[in-house]
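K.L.:
Please work from the sequences and hints to get the whole structure.
If you want the building blocks of each chain, they are given just below.
2 protein chains.
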Amino acid sequence: MNQAFTLIEPGPVVLVTTHDGGKDNIMTISWTMVMDFKPVFAITTGAWNHSFAALRKHRECVIAIPTVDLLDQVVGIGTCSGADTDKFSRFGLTPVPAMQVRPPLIKECVANIECQVIDIIERHDIVVLEGVAAYLDTDRKEQRRLHAVGDGTFIVDGRRLDRRKMMATKLPAGV
Amino acid sequence: MNQAFTLIEPGPVVLVTTHDGGKDNIMTISWTMVMDFKPVFAITTGAWNHSFAALRKHRECVIAIPTVDLLDQVVGIGTCSGADTDKFSRFGLTPVPAMQVRPPLIKECVANIECQVIDIIERHDIVVLEGVAAYLDTDRKEQRRLHAVGDGTFIVDGRRLDRRKMMATKLPAGV
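Top line first, the protein sequences correspond to chains A and B. For what it's worth, the working numbering labels the leading residue of the first sequence as 1, then goes sequentially. For what it's worth, the working numbering labels the leading residue of the second sequence as 1, then goes sequentially.
Everything labelled a hint here was simulated from the structure, so no lab data went into it. Since this is a predicted model, take the numbers as computed values, not measurements. Every residue gets a Cβ at the ideal spot worked out from N, C-alpha and C, and that includes glycine.
Taking beta-carbon pairs under 10 Å as the criterion, some of the chain A residues facing chain B (in silico):
#: 1; residue: I8
#: 2; residue: E9
#: 3; residue: P12
#: 4; residue: M33
#: 5; residue: A42
#: 6; residue: R123
#: 7; residue: H124
#: 8; residue: R144
#: 9; residue: R145
#: 10; residue: G150
#: 11; residue: F154
#: 12; residue: D162
#: 13; residue: R164
#: 14; residue: M166
#: 15; residue: L171
P.N.:
Next up, the structure:
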């Protein structure tokens, strides 16, 4: 869990699953933020969002991180509503029971983080989440995440540069 | 200004300049979040941070977006403190007067956004910013941004995929 923030910090587009008491839903967002070297994250959306009601009421979700091969599902999920669509079925994604929360993991995603809502900042619709369990599929061949530019284009992860040595004094133990 | 959020949304590492009444300072952060299809952003840091005091007191900053050729400056800025270092001088960066705020733009960066603090959420140290002016250097040859993983490694922007048509219904006009 002390490495879970490294899944969110580079700013990938994420899928967020919720459960509204009756059924599962998924939304696509890239309005996310790491909040310390801890598994604490902020996300924001608005009242227009069907998932947001479930998140407010049931106070848990799963952040699932898709890779580039899932781009069309990511965009499709972001452009229809759970109000009238079963998104798992429509986009061929597989819900997998989580350990500590009711919303499901997404099997096809490279990483999943089970989260509980620890605060909602009403005046900005910011939801503060604490990760309680995290999964990373290191065997998955495609690992490259997507970054939404916000104008309908997406940037794919390129190469990775290592500055661990330069940053050694700044990094918490175990990261 | 209605495209400024597209500079932040893909999750690049950013430099934030502040002015404490006496001198300019710079910090490196990747704890940032877009908050709507508007030039409104959240950033978070902590009381340990020298820039944070200036941000709280003077309520303005510039978000400057570096590219991959500036990686060592980005890491260097993130691993020393403005309390005892003139970071512009030490890292060879050029402050350029902003139009509407006192903290300077950074000439070497590909984009700069002048921001005013519109709210501070004390219990989470979240600073909510509104962009008031934005600059993008489209002539600059190196355009690739960096994404901090949080473990001392950085992912460089790879190729860009276009899903504008699929997302047309979702995007605000002018983006």
